[in-house]
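Trainee: So the sequences go chain by chain: A and B. UniProt numbering puts the first residue of the first sequence at 1, with every later residue one more than the last. UniProt numbering puts the first residue of the second sequence at 1, with every later residue one more than the last.
Because the hints were derived from the structure by calculation, they are not lab data. Take the hints with a grain of salt, since some may be wrong.
[To be verified] Calculated pairs, DSSO-like style, for lysine-lysine (alpha carbon to alpha carbon, straight line, at most 30 Å):
| # | chain 1 | residue 1 | chain 2 | residue 2 |
| --- | --- | --- | --- | --- |
| 1 | A | K59 | B | K108 |
| 2 | B | K297 | A | K87 |
| 3 | B | K104 | A | K124 |
| 4 | A | K344 | B | K96 |
| 5 | B | K222 | A | K264 |
| 6 | B | K144 | A | K62 |
| 7 | A | K124 | B | K108 |
| 8 | A | K87 | B | K96 |
| 9 | A | K344 | B | K108 |
| 10 | A | K24 | B | K144 |
| 11 | A | K124 | B | K96 |
| 12 | A | K344 | B | K297 |
| 13 | B | K144 | A | K290 |
| 14 | A | K344 | B | K104 |
| 15 | B | K222 | A | K232 |
| 16 | A | K124 | B | K297 |
| 17 | B | K143 | A | K290 |
| 18 | A | K66 | B | K108 |
| 19 | B | K108 | A | K87 |
| 20 | B | K218 | A | K264 |
| 21 | B | K137 | A | K66 |
| 22 | A | K344 | B | K218 |
| 23 | B | K108 | A | K62 |
| 24 | B | K218 | A | K290 |
| 25 | A | K87 | B | K104 |
| 26 | A | K124 | B | K89 |
| 27 | B | K143 | A | K66 |
| 28 | A | K66 | B | K218 |
| 29 | B | K143 | A | K62 |
| 30 | A | K290 | B | K222 |
| 31 | B | K104 | A | K66 |
| 32 | A | K62 | B | K104 |
| 33 | B | K89 | A | K59 |
[As the list claims (entries may be wrong)] FRET-style restraints, in silico, Cβ to Cβ:
| # | chain 1 | residue 1 | chain 2 | residue 2 | range |
| --- | --- | --- | --- | --- | --- |
| 34 | A | E135 | B | S111 | 16 to 26 Å |
| 35 | B | S111 | A | P228 | 44 to 54 Å |
| 36 | A | R44 | B | K144 | 33 to 43 Å |
| 37 | B | D243 | A | N162 | 44 to 54 Å |
| 38 | A | D350 | B | R145 | 22 to 32 Å |
Heads up, the beta-carbon is just placed ideally off N, CA and C, and yes, glycines get one too.
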Amino acid sequence: MPAGEGDKASGLKERIETFVDEMKKGNSVNSCEIAINTINLLIRIISQAKFTSARELLKHVKAEGKYLQAGDPSENIIGNMIRRVLKIIREEYRAIIAQESGMERAVNFEDMSLAVDEEEDYTKLTPSLKASVIEAISELKTEIEGGAENIAAMAPNYIHENDIILTIGRSRTVEAFFKSAALKKIKFQVLVSECAPFCHGHEMAKNLAEAKINTTLITECQLGTIMPRVNKVIIGTHSFMANGGLKAITGTNILALLAKEHNKDVIVCSNLYKLSPLFHSTMKHASFNKFASPNELLDYEDAELLAKVEVIAPIFDYVPPDLISMVVSNNGPQSVSFVYRLVKDYYHPDDVEL
Amino acid sequence: MDDEAVLNHFNELMRADPEMSSAVAAITTLVKLMESSKAETLSGLVDTIRKATSMMLTTDFSYASITSGCEQFLRYTTLANLQETNFQKIMLHRGKVFLNNALKARAKIVSMAQQFVDDGTTILTHCRSRVVMQVLKAAALQKKRFTVFVTESHPDKNGYAAKEELSQVGIPTTVILDSAVGYIMERVQMVMVGAEGIVENGGIINKIGTYPLAVCAKQMNKPVYVVAESFKFVRAFPLSQRDVPDVYKYRASTIRAGKDLEQEHPTVDYTSPEFISLMFTDLGVLTPSAVSDELIKLYC
Numbered sequence: 001m002p003a004g005e006g007d008k009a010s011g012l013k014e015r016i017e018t019f020v021d022e023m024k025k026g027n028s029v030n031s032c033e034i035a036i037n038t039i040n041l042l043i044r045i046i047s048q049a050k051f052t053s054a055r056e057l058l059k060h061v062k063a064e065g066k067y068l069q070a071g072d073p074s075e076n077i078i079g080n081m082i083r084r085v086l087k088i089i090r091e092e093y094r095a096i097i098a099q100e101s102g103m104e105r106a107v108n109f110e111d112m113s114l115a116v117d118e119e120e121d122y123t124k125l126t127p128s129l130k131a132s133v134i135e136a137i138s139e140l141k142t143e144i145e146g147g148a149e150n151i152a153a154m155a156p157n158y159i160h161e162n163d164i165i166l167t168i169g170r171s172r173t174v175e176a177f178f179k180s181a182a183l184k185k186i187k188f189q190v191l192v193s194e195c196a197p198f199c200h201g202h203e204m205a206k207n208l209a210e211a212k213i214n215t216t217l218i219t220e221c222q223l224g225t226i227m228p229r230v231n232k233v234i235i236g237t238h239s240f241m242a243n244g245g246l247k248a249i250t251g252t253n254i255l256a257l258l259a260k261e262h263n264k265d266v267i268v269c270s271n272l273y274k275l276s277p278l279f280h281s282t283m284k285h286a287s288f289n290k291f292a293s294p295n296e297l298l299d300y301e302d303a304e305l306l307a308k309v310e311v312i313a314p315i316f317d318y319v320p321p322d323l324i325s326m327v328v329s330n331n332g333p334q335s336v337s338f339v340y341r342l343v344k345d346y347y348h349p350d351d352v353e354l
Numbered sequence: 001m002d003d004e005a006v007l008n009h010f011n012e013l014m015r016a017d018p019e020m021s022s023a024v025a026a027i028t029t030l031v032k033l034m035e036s037s038k039a040e041t042l043s044g045l046v047d048t049i050r051k052a053t054s055m056m057l058t059t060d061f062s063y064a065s066i067t068s069g070c071e072q073f074l075r076y077t078t079l080a081n082l083q084e085t086n087f088q089k090i091m092l093h094r095g096k097v098f099l100n101n102a103l104k105a106r107a108k109i110v111s112m113a114q115q116f117v118d119d120g121t122t123i124l125t126h127c128r129s130r131v132v133m134q135v136l137k138a139a140a141l142q143k144k145r146f147t148v149f150v151t152e153s154h155p156d157k158n159g160y161a162a163k164e165e166l167s168q169v170g171i172p173t174t175v176i177l178d179s180a181v182g183y184i185m186e187r188v189q190m191v192m193v194g195a196e197g198i199v200e201n202g203g204i205i206n207k208i209g210t211y212p213l214a215v216c217a218k219q220m221n222k223p224v225y226v227v228a229e230s231f232k233f234v235r236a237f238p239l240s241q242r243d244v245p246d247v248y249k250y251r252a253s254t255i256r257a258g259k260d261l262e263q264e265h266p267t268v269d270y271t272s273p274e275f276i277s278l279m280f281t282d283l284g285v286l287t288p289s290a291v292s293d294e295l296i297k298l299y300c
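The whole structure should be built from the sequences, with the hints applied where relevant.
Mentor: Now the structure itself:
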């Protein structure tokens with residue numbers, strides 16, 4: 001082994017460990033960074049991988065991916081990125097094979113079939129695979145980085161003069177969305193629900209006020225009173241599931257239910273890397289929710305109470321798809337009932353289970 | 001194979017393995033027919049397949065299943081670059097691929113559906129669907145503890161057979177009256193039913209009583225999961241019960257006897273997609289709206 005290669009390998013190992021550690025500690029910054037970090041790691045993993053066939057590469061990436069995801073099983077974005085990369089490998093492989101065998105594959109009736117055909121075994125030798133896969137992944141990275149801007153640019157289509165808009169907690173995407181509308185000199189009012197017990201809403205309200213947007217901070221208990229006065233609800237989300245349901249910060253479900261009751265549109269701003277191929281099957285599903293320290297709910301001073309009271313602070317709510325009017329994504333507005341189509345485009349069915 | 005041989009072969013398959021879906025038995029029969037066929041032209045072979053299909057449809061097994069399976073089979077086998085010299089070989093090969101996928105479908109569904117069955121759940125099911133039985137039994141084998149309510153399901157009372165089968169693997173099962181669906185709904189977390197056919201808009205045709213079950217579940221906000229293989233996707237677009245053709249609703253023998261159908265009990269009903277949460281198929285977990293996409297892929 002030439003000198004330096006061993007260093008490289010151990011350097012990668014270290015990076016992977018740091019990533020998993022950070023995820024375990026819950027030090028994650030924001031979803032975009034998680035996505036980019038995951039992709040960067042995957043690029044390194046692939047560029048240092050030794051493989052003779054696409055099949056070996058798929059297996060290797062899956063195994064490493066499984067390890068990355070185990071750092072925080074509830075962080076869907078890691079899994080999403082791994083699956084997107086797996087799909088890229090499959091597509092690049094097919095493209096190379098198709099190119100090699102000329103036009104024959106172009107008229108391929110097998111592709112039109114309903115049932116899955118004889119399975120592709122990904123064993124043919126494709127020396128150029130690594131380079132083209134890495135190039136395609138870099139494209140994906142650029143797409144993700146530019147996503148927030150694309151979404152924000154659409155704000156004037158949805159925010160109008162004198163609108164009263166309700167949002168919850170803090171979402172960077174939504175913040176940029178509002179600011180972009182404000183830059184276009186649209187005058188509107190934002191009500192920010194504080195999102196107790198974490199109260200990320202405070203920061204959101206502060207940031208919006210600094211951008212000279214008319215902002216009011218409210219508590220979740222007031223949502224019912226406020227809802228009739230609101231024009232529309234614009235929220236962000238942690239991720240969304242394959243049926244279009246949201247995995248969003250706690251409180252979002254009440255908000256969406258109230259909006260439905262009062263017939264207000266719920267618009268979700270989200271980049272499509274947040275779309276997961278997984279379903280929210282049951283409330284108990286281990287990988288769905290995460291629980292924070294109940295410190296905010298009950299002080300340590302009241303520790304003696306702890307023996308008598310159970311205090312829980314789940315981080316996520318599941319919001320069923322029928323409560324959501326539409327998703328404003330980096331690919332433009334999408335209807336929730338169309339999400340299954342996107343899942344099909346982005347992920348290969350064999351990769352859903354890592 | 002002549003008509004009688006086709007019918008015998010089909011009936012024999014259904015007798016030998018009661019767990020086999022009638023669609024799979026029909027497809028197996030068609031593959032067998034193709035193997036022995038001496039047809040010299042493409043249209044001749046297609047005609048033979050069509051004729052065999054209509055023969056099998058004269059039996060009392062589910063019309064929806066047989067017709068969807070056979071139609072897809074024919075479409076799939078002919079969806080290739082067929083020339084006069086090699087069409088038998090290509091079609092037979094594609095036929096076998098299709099059959100193979102159909103045979104593997106159930107196992108795929110069973111493993112996919114597992115994530116939806118959880119410890120402590122109470123599940124309501126209707127009649128005795130072979131796939132649902134396998135999903136539940138597999139979950140029990142994974143040491144999941146859950147309770148099942150099953151409707152007795154008139155007129156054939158297949159619910160009792162379902163209870164028998166589930167009890168054998170240790171799942172606490174209770175048979176309820178068909179009319180007790182509303183009574184029991186507040187106690188269940190989800191409804192899981194099979195389907196004889198899945199129509200173009202994502203609705204299903206299934207054993208009579210599925211529709212009121214789904215309506216009730218929707219009203220009480222319980223998810224309704226449909227478990228069915230993709231060879232049950234059928235080209236029909238009913239909007240109401242009356243739109244469902246009589247051949248689907250009544251047994252072939254009843255229709256042949258020339259009885260007044262208004263006086264007969266229909267054997268299936270149509271459940272529209274708005275009442276269905278998700279479908280577990282071998283193509284993946286689909287929302288009802290995804291069904292038309294898949295059908296378009298095959299037929300357009």
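Trainee: State for each hint whether it applies.
Mentor: So, going through the hints one by one against the coordinates:
1. K59/A x K108/B: Between K59/A and K108/B the Cα gap is close to 21 Å, so the pair holds against 30 Å.
2. K297/B x K87/A: The given pair, whose Cα atoms are some 21 Å apart, holds under the 30 Å limit.
3. K104/B x K124/A: holds (26 Å)
4. K344/A x K96/B: holds (26 Å)
5. K222/B x K264/A: The given pair, whose Cα atoms are some 24 Å apart, holds under the 30 Å limit.
6. K144/B x K62/A: Holds: K144/B and K62/A sit about 28 Å apart, inside 30 Å.
7. K124/A x K108/B: Holds, at about 27 Å.
8. K87/A x K96/B: OK: K87/A and K96/B at ~28 Å, within 30 Å.
9. K344/A x K108/B: holds (18 Å)
10. K24/A x K144/B: holds (29 Å)
11. K124/A x K96/B: Holds, at roughly 25 Å.
12. K344/A x K297/B: holds (13 Å)
13. K144/B x K290/A: Cα-Cα ~23 Å, so holds.
14. K344/A x K104/B: Holds, at roughly 21 Å.
15. K222/B x K232/A: holds (28 Å)
16. K124/A x K297/B: Given pair K124/A, K297/B holds - Cα atoms ~28 Å apart, limit 30 Å.
17. K143/B x K290/A: Distance of about 25 Å is within 30 Å: holds.
18. K66/A x K108/B: holds (22 Å)
19. K108/B x K87/A: holds (20 Å)
20. K218/B x K264/A: holds (22 Å)
21. K137/B x K66/A: Distance ~29 Å between K137/B and K66/A Cα, so the pair holds.
22. K344/A x K218/B: OK: K344/A and K218/B at ~27 Å, within 30 Å.
23. K108/B x K62/A: holds (20 Å)
24. K218/B x K290/A: Satisfied, since the Cα-Cα distance of roughly 29 Å is no more than 30 Å.
25. K87/A x K104/B: holds (23 Å)
26. K124/A x K89/B: OK: K124/A and K89/B at ~26 Å, within 30 Å.
27. K143/B x K66/A: Given pair K143/B, K66/A holds - Cα atoms ~25 Å apart, limit 30 Å.
28. K66/A x K218/B: violated (37 Å)
29. K143/B x K62/A: At roughly 28 Å apart (the allowed maximum being 30 Å), K62/A and K143/B satisfy the hint.
30. K290/A x K222/B: holds (24 Å)
31. K104/B x K66/A: The given pair, whose Cα atoms are some 27 Å apart, holds under the 30 Å limit.
32. K62/A x K104/B: holds (24 Å)
33. K89/B x K59/A: violated (35 Å)
34. E135/A x S111/B: 16 to 26 Å: The hint (16 to 26 Å, Cβ to Cβ) is violated, given that E135/A and S111/B are roughly 35 Å apart.
35. S111/B x P228/A: 44 to 54 Å: holds (48 Å)
36. R44/A x K144/B: 33 to 43 Å: holds (40 Å)
37. D243/B x N162/A: 44 to 54 Å: holds (48 Å)
38. D350/A x R145/B: 22 to 32 Å: Given a distance of about 30 Å, which is inside 22 to 32 Å, the answer is holds.
Hints 28, 33 and 34 from the earlier list are contradicted by this structure; the remaining hints agree with it.
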